[in-house]
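**Student:** Protein chains in written order, with the working numbering: chain B, 219 to 909; chain G, 219 to 909.
Calculated directly from the structure, the hints in this document are not laboratory data. Heads up, a few of these hints could be off.
All copies of an identical chain are treated as equivalent in the list; a pair is satisfied when it fits inside any one copy or across any two copies.
Listed below are the simulated SDA-like cross-link pairs for lysine to any residue, each with C-alpha atoms no more than 25 Å apart in a straight line [stated by the list, open to error]:
1. LYS886 <-> ARG538
2. LYS690 <-> SER465
3. LYS354 <-> GLU761
4. LYS886 <-> ASP578
5. LYS529 <-> PRO573
2 protein chains.
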Amino acid sequence: MNKADGDDCGGEAVQQQQPEEDQSPAEKLQSKGPGWTRVHCPCCASERIEPLVLVKLGQKVRPETKRWLIRLIGTPQTDGGAGLLAHPGEDASGDIIVVSAPRCTLLRATEELGLCKTYSNDNMEAFSYVDRDNFKDSDNMEVFLTLAERQYIVKYELDGVRAQRDLRIPGLPDNYTLQRRDNVWQKLGSAGVIVDTLPLHNPDKLKALTEAWYTGNQLAQPLDSVNGYFGSSVAFYFSFLDFYTWSLLPPAILGLSITYFSGEVQKEMDESVSGSGPTGVEEDSGLAVSGHMVQALFIMIWSTVFMEMWKRRSSSLSYRWGTLHLAERFAEPRPAFHGELGVNPVTGRMEPLFPEWQRDLRMALVSIPVVGLFLGLVVLGMLGFYWGEAQAKQLHAEWDTMLSQTLLYMPSVLHITYTNMLATVYRKVATSLTEYENHREESAYENHLTTKVLVFTFFNCFAVLFHIAFFKQDVPLLRKRLASLLIVSQLVNQVTEVVVPFLVDRFISAPHRQESEDHPEEDKFRNQSSLPTFPGLFGEYIELLVQFGYLSLFSCVYPLTAVLLLINNLTEIRSDAYKICRLFRKPFTPPVANMGVWRFAFEVLSFISVVSNCWLLLLSPRLQELVQEGWMSNTNVLLLAVLMEHVLIGVKVVLSLLIPDEPDWIRKKRQHIEYTSLQALRQQSLSSEES
Amino acid sequence: MNKADGDDCGGEAVQQQQPEEDQSPAEKLQSKGPGWTRVHCPCCASERIEPLVLVKLGQKVRPETKRWLIRLIGTPQTDGGAGLLAHPGEDASGDIIVVSAPRCTLLRATEELGLCKTYSNDNMEAFSYVDRDNFKDSDNMEVFLTLAERQYIVKYELDGVRAQRDLRIPGLPDNYTLQRRDNVWQKLGSAGVIVDTLPLHNPDKLKALTEAWYTGNQLAQPLDSVNGYFGSSVAFYFSFLDFYTWSLLPPAILGLSITYFSGEVQKEMDESVSGSGPTGVEEDSGLAVSGHMVQALFIMIWSTVFMEMWKRRSSSLSYRWGTLHLAERFAEPRPAFHGELGVNPVTGRMEPLFPEWQRDLRMALVSIPVVGLFLGLVVLGMLGFYWGEAQAKQLHAEWDTMLSQTLLYMPSVLHITYTNMLATVYRKVATSLTEYENHREESAYENHLTTKVLVFTFFNCFAVLFHIAFFKQDVPLLRKRLASLLIVSQLVNQVTEVVVPFLVDRFISAPHRQESEDHPEEDKFRNQSSLPTFPGLFGEYIELLVQFGYLSLFSCVYPLTAVLLLINNLTEIRSDAYKICRLFRKPFTPPVANMGVWRFAFEVLSFISVVSNCWLLLLSPRLQELVQEGWMSNTNVLLLAVLMEHVLIGVKVVLSLLIPDEPDWIRKKRQHIEYTSLQALRQQSLSSEES
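Chain B with its partners taken away, still in its complex shape (with noise of 0.2 Å):
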């Protein structure tokens, strides 16, 4: 029956709009662009149409698919269409459609997605489309919204568009019929009709900026255009990266000046080399503090003091980017959300309901013992790494040859192979997961799915570290291995992203550029798709995150740990703006109010870092050498270390709780905001009455 009523008037509900619109005003407000679909309401012609999304299609998709695909886009939202432009291309019948957005799309999406944009009296204020022409700016969309908020915005509402009943898409097998509120986005997907959706680069910005971003010598990001450009997520990436890279100068100054004093700059460099043990002990043992002691307290206090001055600068970039209000929890849900029909208590639309008990479960039964199981393997590896070392350490004593010699390296390989391959399962698994866990939103989404992959990332960074400074208690083999990793991690790392994408660049991306100049801008569009997915911000977050990691828990035995990290960031930001301005394609970013889940890790570490840095000073040689002359019992100086620890979580305690995390006049913006927002509930229902 359902098919049958599809088959009838499958097409048509989009063409029945057609004719309408002919005799309709709109017919006249032809815009200048040709070829574009027509807009619906006189505001929304304009001189000029901005190309903004590309969508590429399907090589066998037949021409009444794409034209009924462009008919859709352009219908309005209210009969069920995306309310966008669409233009075919050149050839009509070619394999993309270029997408564009009215103002009034773009105005009412502004309004729905809880965007603040400069009112008329200079405040940040949610915007609302009834007070639009209060809103500076709101006649130029160009000016109004960032390009990366526009083009969010064309995805936001191509993603939305649900078949308002059953239907036939033109050209495509009975079995790809829409049946009601199925999303029509994710369907043409999965029938290869539609096979990405990309943003388009606009070559005049993206040259303003990389010249302002990497080019010169320049030490400030322009971190309000990388917003304008690449959306507020990636600009809190960066801001954050420049927010710690600055923030590593005093742990940086501080570690030259323990290693100079101490005269350790010669024997670090032996022991991160040699191996060789705390030679030099005796050498500083007429200060009474150690370098460790020092380095050790102050970056447990750093910690701290770094990231609430973090969050006090992340809500301000959020307050001038216009995403402190975001209302994700009031907009429609993600796509492939599911759940039964029915009214959403809290907005009271209509839209799939999923309960939360029933995710809180599947969360409890499912996800949590998975990922402990896998946390379980890497704990495996380990220790099968450390047996496989021993055995073959043991092979090469008996036998001595040259294959046992290579023996000697199989237990490193297999444990690198065999960590690899499970991270890459392990990803596959936690995406799924959390696809399982059916959360509404897409932060949500986001962040279990980092949290899950966070945890045992940190957890594969970290095992062997803690293995040696907990179990085996070796501070020399703990420098040893933090130099050795930080030295090589950074290698790596320059390699990896400058060279590698530098070459990359030169000899393969750039002929194939220099090719298309003569032809003309549709090709252009079509060579930025073949250009790779933009990887996402997790691997360069959780890089840092490591770092941060090897700083605060472990860099007392090796003081230069922050001069390493200062001089890589200096390069990784211009290798990271680099490489998003020119090796990937440009990638959809939602609007975001802060860095998610990420703030939430630096802090556990940062507490994290206390307990390991009070079991370091513990471990430290000095102390060692008093107990072994006898100056305290080995239990006293035990308490006294579990003392210090206790008052230093409790300073940490108190300091983040003392500093506030928002500026003060963030807090009274805000404020203000709710004030005006409960004035207006209370004047609501009069106005309703009077009209």
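On the provided structure of chain B, position chain G as indicated by the hints.
**Tutor:** Relative to chain B, chain G alone:
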């Protein structure tokens, strides 16, 4: 100049009002209550006017001052009055004014305070004056608002009256001239015109409440009625007491079974009386894990679960009582708040402003050092006590006379006197410090004052126990001290809270009451003002907190703690209820959304309990035995305890993150309110354009 102005038109400001009214239609809206001031709008006219608040005037107040005051109370708020209803009492020149409130004033204040009321769709929604007709019972104030709310609103309005210009008060000397924006009620108080402002009891309701509350053998308290009659802050205290008492059941049962199964009943008794050491340790050495450990572990987890469940209960109660969305920070500042006049950046109203950083500075440079000084004095007192005790013992040993025998008690007596004096002084200092900090909101003031007194009292109560546990490391002494504290403090409490009040009521208050049986209602009002002022809930809360401290910090050395506390609290509920109903004046209680700073104090204790319990376990006879037998080295035992502590703190943190602070349905309701308010904000300007 100013004074001359005031002299010219002082009393007339209000008098001018009168003639206008005489001609207005309000003239015909005479309320039924004879002698009451007129209401100013048709909707406020009612059959019966309920006396809500009694204002007691000084003996020497002249009739013209009283008349002026009555007019001021009756003048609408727009003309600088309180917008209430006043009655001069039987004798127009008598020393009381009875105050009530008309409907419009009550409703407007309900909106201003941000109280939630039942909407026509049965949800609780923030009350909106313009939408009043859609709220249930909004035509009947005695159902719509609780008695406590009505009385608080009267006080709120009286406190909020500010002189609109310079003004001389009739019948008062010139030095009491009001300046513009002076707080009238405060000024009248300092001029001796107003001696007291107290809410009146409603005898019928009080009778019904006491019957449902404590006269029978009922197990449940009538919390909703308590909230209605005494207001939410009192109701929150009793709800917490109730919740806490029933939550004591599991640890009480565990404590009883541990005591029973390890056959320690006899032993504990012996020890708590005779103070002998742990003689029976060998008896239960067959058990692998001692009762102490089970008790400690259980209490550590229990305390977190208890606090998390209370948070959930608290937010449900807050929803039910309509205090989930209080708008205190948007309301007028508290009367004593002072600062330079300016525009509040949040509400846009003219009011005194005081910079945040200046308050922070005052706290950091004055409050914290002073509080620290007093804490130091406590420690000094304790050290003095120990020193004195040692001296007295030595003297007694040398002399061995009756005199030296009594000298033995001197240190205790001196220490108790010292502690009490210190507490009294500290209380005063804390009040003026908090006053000096100049908080804008009443709740901020309360919270800061409570925190200061709380820290001191807690320190005062637990310094000795901590000293015994951590420095003397004497478990038997700790057990003895804990048992005697529990038993003695309970006896003292029962006597001071039940017996003394009962006797006072029987032999002092009751004759007083009988005398007034045949007097007019006015005298009954007057009698209420002869009762002592309600001392506030601080004492009650601190009692619970100290109890909770005994239980969570030290109960592993004395498992019967929970049982004793349970018995104590069951009578505590009744005696507290009796006290507030019968022995004191009815207090004004502002609507509150939760327990405020107390919840935080209980949570902090719950975390400290992990440290304390792990330490006590370390000192436990069983472990000490194992160490002596050489099973484990001292260091390893210590490491084990530290490890356990860290794991337990981790578990507690995770638990408190996992258990949501509010039930799911409350979260949805809250989000719904946020959503509607966001929608209203967006629609706002449309309606203002239309109108």
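**Student:** Does each hint fit the structure? Answer for all of them.
**Tutor:** Here is what the structure says about each hint:
In this homomeric assembly, LYS886 and ARG538 come within 25 Å of each other (Cα to Cα) only inside a single copy, at 14 Å, whereas the closest approach across copies is 30 Å. Taking the shortest Cα distances, LYS690 and SER465 never come within 25 Å of each other, neither inside one copy (32 Å) nor across copies (45 Å). In this assembly of identical chains, LYS354 and GLU761 lie within 25 Å of each other by CA distance neither inside one copy nor across copies; the values are 40 Å within and 58 Å between. In this homomeric assembly, LYS886 and ASP578 come within 25 Å of each other (Cα to Cα) only across copies, at 16 Å, whereas the closest approach inside a single copy is 36 Å.
In the homo-oligomer, the alpha carbons of LYS529 and PRO573 lie at most 25 Å apart only across protomers (22 Å), although the nearest pairing inside one protomer, at 32 Å, exceeds that limit.
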